[in-house]
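We have chain A; now place chains B, C, D, E and F onto it with these hints.
6 protein chains.
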Amino acid sequence: MSAMQSFSIFSKAIANNRLSQYIIMKGTHFTVIAFTLLAFAYSLASAFDLSALQDFCVAIKDIKNGGLNKPGNTSNLVGSNVTTVNVDQIPGLNTLGISLARVDYAPYGLNPPHTHPRGTEILVVIKGTLYVGFVTSNPDNRLFTKILNPGDVFVFPIGLIHFQFNIGKTEAVAFAGLSSQNAGVITIANAVFGSNPPINPDVLTKAFQLDKNVVQYLQPRF
Amino acid sequence: MSAMQSFSIFSKAIANNRLSQYIIMKGTHFTVIAFTLLAFAYSLASAFDLSALQDFCVAIKDIKNGGLNKPGNTSNLVGSNVTTVNVDQIPGLNTLGISLARVDYAPYGLNPPHTHPRGTEILVVIKGTLYVGFVTSNPDNRLFTKILNPGDVFVFPIGLIHFQFNIGKTEAVAFAGLSSQNAGVITIANAVFGSNPPINPDVLTKAFQLDKNVVQYLQPRF
Amino acid sequence: MSAMQSFSIFSKAIANNRLSQYIIMKGTHFTVIAFTLLAFAYSLASAFDLSALQDFCVAIKDIKNGGLNKPGNTSNLVGSNVTTVNVDQIPGLNTLGISLARVDYAPYGLNPPHTHPRGTEILVVIKGTLYVGFVTSNPDNRLFTKILNPGDVFVFPIGLIHFQFNIGKTEAVAFAGLSSQNAGVITIANAVFGSNPPINPDVLTKAFQLDKNVVQYLQPRF
Amino acid sequence: MSAMQSFSIFSKAIANNRLSQYIIMKGTHFTVIAFTLLAFAYSLASAFDLSALQDFCVAIKDIKNGGLNKPGNTSNLVGSNVTTVNVDQIPGLNTLGISLARVDYAPYGLNPPHTHPRGTEILVVIKGTLYVGFVTSNPDNRLFTKILNPGDVFVFPIGLIHFQFNIGKTEAVAFAGLSSQNAGVITIANAVFGSNPPINPDVLTKAFQLDKNVVQYLQPRF
Amino acid sequence: MSAMQSFSIFSKAIANNRLSQYIIMKGTHFTVIAFTLLAFAYSLASAFDLSALQDFCVAIKDIKNGGLNKPGNTSNLVGSNVTTVNVDQIPGLNTLGISLARVDYAPYGLNPPHTHPRGTEILVVIKGTLYVGFVTSNPDNRLFTKILNPGDVFVFPIGLIHFQFNIGKTEAVAFAGLSSQNAGVITIANAVFGSNPPINPDVLTKAFQLDKNVVQYLQPRF
Amino acid sequence: MSAMQSFSIFSKAIANNRLSQYIIMKGTHFTVIAFTLLAFAYSLASAFDLSALQDFCVAIKDIKNGGLNKPGNTSNLVGSNVTTVNVDQIPGLNTLGISLARVDYAPYGLNPPHTHPRGTEILVVIKGTLYVGFVTSNPDNRLFTKILNPGDVFVFPIGLIHFQFNIGKTEAVAFAGLSSQNAGVITIANAVFGSNPPINPDVLTKAFQLDKNVVQYLQPRF
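Top to bottom, those sequences are chains A, B, C, D, E and F.
2 is the number of the first residue of the first sequence in my numbering; add one for each residue after it.
2 is the number of the first residue of the second sequence in my numbering; add one for each residue after it.
2 is the number of the first residue of the third sequence in my numbering; add one for each residue after it.
2 is the number of the first residue of the fourth sequence in my numbering; add one for each residue after it.
2 is the number of the first residue of the fifth sequence in my numbering; add one for each residue after it.
2 is the number of the first residue of the sixth sequence in my numbering; add one for each residue after it.
Be careful, since some hints might not be right.
[What the hints assert, rightly or not] The calculated lysine-lysine pairs, modelled on DSBU-like cross-linking and capped at a C-alpha distance of 30 Å, are: (1) 213/C with 213/B; (2) 128/A with 147/A; (3) 128/A with 170/B; (4) 170/A with 128/A; (5) 170/E with 128/E; (6) 128/A with 128/B; (7) 147/D with 128/C; (8) 147/C with 128/C; (9) 71/A with 147/A; (10) 170/C with 147/C; (11) 213/A with 213/E; (12) 170/E with 147/E; (13) 213/B with 71/A; (14) 147/B with 170/B; (15) 213/B with 170/C; (16) 128/D with 71/D; (17) 170/A with 170/E; (18) 170/B with 71/A; (19) 213/B with 128/C; (20) 213/A with 71/E; (21) 71/E with 128/F; (22) 170/D with 71/D; (23) 147/E with 128/E; (24) 213/F with 71/F; (25) 147/E with 71/F; (26) 128/D with 213/F.
Derived from the structure by calculation, the hints contain no laboratory data.
The following block holds chain A by itself, in its conformation from the complex:
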């Protein structure tokens, strides 16, 4: 089968949403081609044509059942837990630019300062009371904070450092929508003091104006 033939077969398969069945019908090697052309099909959308090229890719039926009704395990140093439902759990989210998360907080639990390099977060509190905030970029480094009760909504703009702190005596629960199928998370303390391998302590000592011993004490802890 020539390149053009295989392309046209698959482009049709893609065009009429029968690709996933097609994949199932064929063996591993064809799978490769199938994914290839799926990728091809999506990549077509990437340059000047920003709309998706089909209704969705891979089997949308393949969704997660349950998961977000159970509290996450918050018995850790910061006392919080994030359960994410993104494209890894729902391949059908591919190209659709959104994901969802449930955040659980132990009493006085903290979702520590972090950024989402690829998404804005909109959070709604279901239970408990949260002190939340984010910091703007240089030169202002302005801190915006608010205390949220059940039903309150807050927005954390893309790329900005933000946190949520449970200031109540009871567990807290929130749901968050993120404007990417895989928004990413950079926990500041872990990236700065817990990178693998560690950042040269001279860099951190100078940057954070910390005693070198403090830096060397912190690095193994993250």
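Using the frame of chain A, we list chains B, C, D, E and F on its own:
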């Protein structure tokens, strides 16, 4: 905080220094100019530079309090209610590409077939049991459905016709994230039979293969 | 050959537009890699770099000949026919964000209410007289209509329900440009009443306030 | 009226598509505000939220009547004429990413080598016979050509130099869709030899390896 | 002058790049409208039409002279200085998605850990020897480092925490291109410990596992 | 291994940045799949989710060493040389939308009129004196020029014809950032007179109003 004050916070990130001086030179009714330049600033992001040009626009603190903890009023013909938190409620969502909604369903309540022309929806069930589905585009018009229980998550791809039906004897509640600050809603029955002014009945009779009397009976009802 | 080697070979092939020949030179298995890297190349454009990464992909020469000079067959229930020239007919359209269609209308023929989930349509009438319209989204569901004669141009915004109706005694012909290489079509009646499998009649009865018998009479007809 | 107040009023006006009436209701000065916030609304779409923020902007009804049924005047040096219907003729095209053109060719008329910096062109021949072509970028500068008859379709990828030449004894007519509401045109000869003020002849002499007299003879002619 | 009239006048002004002169020709009030419609024009590009709508906005001639040939002042705590040429210095960069920076480093000077929320950085060393690195997101927090000599090039992907450290006895100089007209800078230490107002010390103590006294000692220093 | 299995394995590999190692661990054939799914992953970003889906793709460490510290060879007809560092030299630039170039100019050397179909250029002069310019699109074809000395910065907007001419007695050097990982170059003289195969001389004679002998003399020279 006055309009000028809140504006000047953002004018720092606006491209042209002379523009901001221009604002300072002028007085009160400068809201107009302020918005003009805010628009200018954002519009700069629109062509080849897709990243926002500042951390966010308009006062992000200005968020909605409460709202999503109270059930919406479902005493209507379809027995469902959608409470949306989008850019109209949170100006801070401007440019950030996400919004949130709470959907309440009376027993056997229906969120009728509709499309979001500007966003994909990811829905999580908090309470009750929903029969949900969406239909793919021509030529397949394939129907994908699922029964969702609390904690289940489902995705409705952008532009596709979809619905949620409460098949339980009790109220149901769901939260949904949408991949746009204003995803829009086109309720099929209302757009087709309830447009203002009405669509020529000959068009609907031919399109839906309905008796003209049925069309003329339906049109006043939407 | 290592991954890096195969990548660099193909990235060059891609970079200098010799990929299609390259594909032809190689057998099926290389085709796989070729498409893979082609997809890879395009996908590179997809994140922050929205410009295409090469002049075009696959053989642009491979265009459709003829087709749009012959009337389409309008002997069907609605009396219209759409002949599309999109990326399935012209692989060279890949990533270029545009396609073309010819629409033929029998006397009193209708292009029934539909949406293009991935494109705006600009239509020019070549022959005949068309009554055209579209409906805006909730809450207004405003209907905009116009009667078009040869040379008249009209725009149907992305995602909105629209139609064209030939109100003349003679055939009508129009050409349409669409702002996507594959804009998609959702014919409302077919998606709602003709989905496969059918939507639960209780949903449609409630949504369209139709007698259940009418729904059950309609469903087999689409 | 404070900034926030005026914003919310207009954001509602925008959100429910009543803005154009609003403009009509108000005088020039409010027009300013209206446009300001309209711009604001659109600019909101520009960063991370690429979907439009409403169904369309400005009065979509305000479309061009006629125009594309009349031949353009081809009595000029190259013997061709382009009649464009873009956002200048149809404000309703705003943000919708597409435009249309009619091209008329006298016998042996030429639409000379040019680029569209902001759009791909898809052309369909209605009448006559055209020799068309485009050239790829460095290092290949590959020329792709084809002879097109009525009903034939061809694609000119964004940014590439292309031309159409009427090789028949009769007038020719084509319609073209462009993937931008304002694709732009750079006619190579006019930009290089006819710029205002002229490019330093030493630059053109060296670049085109032409005798300086030839350059100085050409410059006044464009 | 009605809204439509003013729009068409200005859209022409915009379309043929005479807007800046036009603004100069007109008085204050027109300036308002001019900017309004400029914003309008750009905002048009923001939804589905991602190409710019004109060649550039505001006077492109208005560029910075000099600046990048003089060393920046590095006599500060970290011993480095960044001179940026972005849209604030060159309004002509508006919408064009790129900016430039010169970085000077004293001997052992550090450009401390920071992120660019809106751009990727490509850096070339002109003089001296730099130890550079960046850290990937959770869960790996992988550190990638390299020692760069004159002529070496390195890439810092958008949103990731990165730094450059002059490990030589002499000044170092680098130039950097950024993939945004205003990439933004979040210096981690300043955002976390130097925000205004300060973040609640309990949050930082828990997040960084620091003694509260250390946090309270650090906060006033940034 | 089924399609779904291979997908999930690789999507994880992609999600946690272990893909490059994965590639190294596996042989050529897996490489194919790896690239396939890498492409898949990126292509996912292409439709509605414009943020990258991971921190970067392929091994970012794999950067170019040196290169930009050595002058390029300017002994050619125009007396200039461009050394580009783009995605072909640094695979880690994939999807990141930026590249870098060094331009060397012999005394009176010319970087002849050209366009970058996929990027805006920001240029900084390191050494020498350059006369630079660009021409706007129809109908104005306005020429903007400036004489640049070391440290001066200039911008060439995407798609516009531009040039740099060394007007000094000594070599000149400049660095340029481009807003694409592969901006492309169309040298006007080479595309128009040097295409392969040549453009029909009748087209060029008519377009450039040149004597046919001049055209036929020029064509072999490019």
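Here's how the hints hold up against the structure:
1. 213/C with 213/B: Within the cut-off at roughly 18 Å; holds.
2. 128/A with 147/A: Holds, because 16 Å separates the two Cα atoms, which is no more than 30 Å.
3. 128/A with 170/B: Answer holds: residue 128/A to residue 170/B is near 25 Å, not above 30 Å.
4. 170/A with 128/A: holds, 12 Å
5. 170/E with 128/E: holds, 12 Å
6. 128/A with 128/B: Since the Cα atoms of residue 128/A and residue 128/B sit roughly 15 Å apart, the hinted pair holds (cutoff 30 Å).
7. 147/D with 128/C: It holds: about 28 Å lies between the C-alpha atoms, which stays within 30 Å.
8. 147/C with 128/C: holds, 16 Å
9. 71/A with 147/A: This hinted pair holds, its Cα atoms lying about 27 Å apart.
10. 170/C with 147/C: holds, 18 Å
11. 213/A with 213/E: Holds, because 18 Å separates the two Cα atoms, which is no more than 30 Å.
12. 170/E with 147/E: holds, 18 Å
13. 213/B with 71/A: violated, 52 Å
14. 147/B with 170/B: Holds. Residue 147/B to residue 170/B sits at ~18 Å (cutoff 30 Å).
15. 213/B with 170/C: holds, 21 Å
16. 128/D with 71/D: Answer holds: residue 128/D to residue 71/D is near 14 Å, not above 30 Å.
17. 170/A with 170/E: Answer violated: residue 170/A to residue 170/E is near 55 Å, above 30 Å.
18. 170/B with 71/A: holds, 23 Å
19. 213/B with 128/C: Roughly 29 Å between the alpha carbons, so the hint for residue 213/B and residue 128/C holds.
20. 213/A with 71/E: violated, 34 Å
21. 71/E with 128/F: Distance ~13 Å between residue 71/E and residue 128/F Cα, so the pair holds.
22. 170/D with 71/D: holds, 20 Å
23. 147/E with 128/E: holds, 16 Å
24. 213/F with 71/F: violated, 43 Å
25. 147/E with 71/F: holds, 20 Å
26. 128/D with 213/F: holds, 29 Å
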